[in-house]
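Q: The chain contents come next:
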Amino acid sequence: DGGITQSPKYLFRKEGQNVTLSCEQNLNHDAMYWYRQDPGQGLRLIYYSQIVNDFQKGDIAEGYSVSREKKESFPLTVTSAQKNPTAFYLCASSVVLGNQPQHFGDGTRLSIL
Amino acid sequence: AQSVTQLGSHVSVSEGALVLLRCNYSSSVPPYLFWYVQYPNQGLQLLLKYTSAATLVKGINGFEAEFKKSETSFHLTKPSAHMSDAAEYFCAVIINTDKLIFGTGTRLQVFP
Chain V
1168 DGGITQSPKY LFRKEGQNVT LSCEQNLNHD AMYWYRQDPG QGLRLIYYSQ IVNDFQKGDI
1228 AEGYSVSREK KESFPLTVTS AQKNPTAFYL CASSVVLGNQ PQHFGDGTRL SIL
Chain X
30 AQSVTQLGSH VSVSEGALVL LRCNYSSSVP PYLFWYVQYP NQGLQLLLKY TSAATLVKGI
90 NGFEAEFKKS ETSFHLTKPS AHMSDAAEYF CAVIINTDKL IFGTGTRLQV FP
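Sequence lines, in order, name chains V and X. Using our numbering, the first residue of the first sequence is number 1168, and each one after it goes up by one. Using our numbering, the first residue of the second sequence is number 30, and each one after it goes up by one.
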């Protein structure tokens, strides 16, 4: 079955450390997204990518970085500049950018040690 | 500015009762509207979508939503709640952009 795989499911970060969250999709979708979810705030867009080798900042990109070297992969790095990284991170994809439903992975929960 | 508002962060119903989760949007142009469901520690799953084809949209698990332009609403309903419906529900909208804007969510509790 096609879908989106996020790994790891749980991740712990030490102070000053960068961590990378993996997101892989086998849906052949062009567009991919990263969201951050905090209790009571819904989902907020961090970065999105319309196509390979292209990505755009979302609403809360500070302290995060991404790459899109392959169509199926869109890893997110949480850098030490992100001072409040504890959250649930969700990766999504859609056929193309625009008015299309997005399909979501099962998320990665990041916590600070 | 485009936005979406979900009234009520928590809704509790008895098993077998009507489920009504409210969603209002602000836009001067026709939006694309979605309802998603999230179970604990999982991603979001699409329940249904409105793309202007019909104002009453039927989704999975017996849910449906009605687009009312005059009220700028897209409320989610289910005639009879089941214990398995307990989850968090998100309304989301795309208006003239490529970005999906989410409401803050409504947690549904179902009591036996």
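I should point out that these hints are in silico values taken from the structure, not numbers from a laboratory. The C-beta atom is built at its ideal place from N, Cα and C for all residues, glycine as well. Certain hints may be false.
Below, a list of computed lysine-lysine pairs in the DSSO-like style, where the Cα atoms sit at most 30 Å apart [what the hints assert, rightly or not]:
(1) X:Lys-98 - V:Lys-1237
(2) X:Lys-87 - X:Lys-128
(3) X:Lys-128 - V:Lys-1224
(4) V:Lys-1224 - V:Lys-1176
(5) V:Lys-1237 - V:Lys-1181
(6) X:Lys-128 - V:Lys-1238
(7) X:Lys-78 - X:Lys-128
(8) V:Lys-1250 - X:Lys-98
(9) X:Lys-98 - X:Lys-87
(10) V:Lys-1237 - V:Lys-1176
(11) X:Lys-97 - V:Lys-1176
(12) V:Lys-1224 - V:Lys-1181
(13) X:Lys-78 - V:Lys-1224
(14) X:Lys-87 - X:Lys-97
(15) V:Lys-1250 - V:Lys-1224
(16) X:Lys-97 - V:Lys-1238
(17) V:Lys-1238 - V:Lys-1176
(18) X:Lys-98 - V:Lys-1176
(19) V:Lys-1237 - V:Lys-1224
(20) V:Lys-1250 - V:Lys-1181
(21) V:Lys-1238 - V:Lys-1224
(22) X:Lys-98 - X:Lys-78
(23) X:Lys-97 - X:Lys-78
(24) X:Lys-98 - X:Lys-128
DEER-style ranges, computed between Cβ atoms [said to hold, decoys possible]:
(25) V:Ser-1247 - X:Leu-85: 23 to 33 Å
(26) V:Asn-1220 - X:His-111: 15 to 25 Å
(27) X:Glu-44 - V:Val-1263: 24 to 34 Å
Q: Just to be careful, I want the Cα atoms of V:Lys-1224 and V:Lys-1181 compared with a cutoff of 30 Å; is the pair within it?
A: holds (25 Å)
Q: Is X:Lys-98 within 30 Å of V:Lys-1176, Cα to Cα?
A: Given pair X:Lys-98, V:Lys-1176 is violated - Cα atoms ~40 Å apart, limit 30 Å.
Q: Under the criterion that the straight-line Cα-Cα distance not exceed 30 Å, is the pair V:Lys-1237, V:Lys-1176 satisfied?
A: Roughly 22 Å between the alpha carbons, so the hint for V:Lys-1237 and V:Lys-1176 holds.
Q: Holds or violated: V:Lys-1250 and V:Lys-1181, Cα atoms, limit 30 Å.
A: holds (11 Å)
Q: Take the C-alpha atoms of X:Lys-98 and X:Lys-128, compute the straight-line distance between them, and say whether it is at most 30 Å.
A: Distance of about 21 Å is within 30 Å: holds.
Q: For the pair supplied as a hint, X:Lys-98 and X:Lys-87, is the alpha-carbon distance within the 30 Å limit?
A: Holds, at about 18 Å.
Q: Hinted pair, alpha-carbon criterion (30 Å max): X:Lys-97, V:Lys-1176. Please report holds or violated.
A: violated (39 Å)
Q: Can the suggested window of 23 to 33 Å be confirmed for the beta-carbon pair V:Ser-1247 and X:Leu-85?
A: The hint (23 to 33 Å, Cβ to Cβ) is violated, given that V:Ser-1247 and X:Leu-85 are roughly 50 Å apart.
Q: Taken at face value, is the distance from the CA of V:Lys-1224 to the CA of V:Lys-1250 at most 30 Å?
A: Distance ~18 Å between V:Lys-1250 and V:Lys-1224 Cα, so the pair holds.
Q: Verify the proposed pairing of V:Lys-1250 with X:Lys-98, using a straight-line Cα cut of 30 Å.
A: violated (42 Å)
Q: I want to verify a distance hint. Is the separation of the beta carbons of X:Glu-44 and V:Val-1263 within 24 to 34 Å?
A: violated (41 Å)
Q: Hint check: X:Lys-87 vs X:Lys-128, CA-CA at most 30 Å. Holds or violated?
A: Answer holds: X:Lys-87 to X:Lys-128 is near 24 Å, not above 30 Å.
In this structure, the earlier hints numbered 1, 8, 11, 16, 18, 25, 26, 27 are contradicted, and the remaining ones agree with it.
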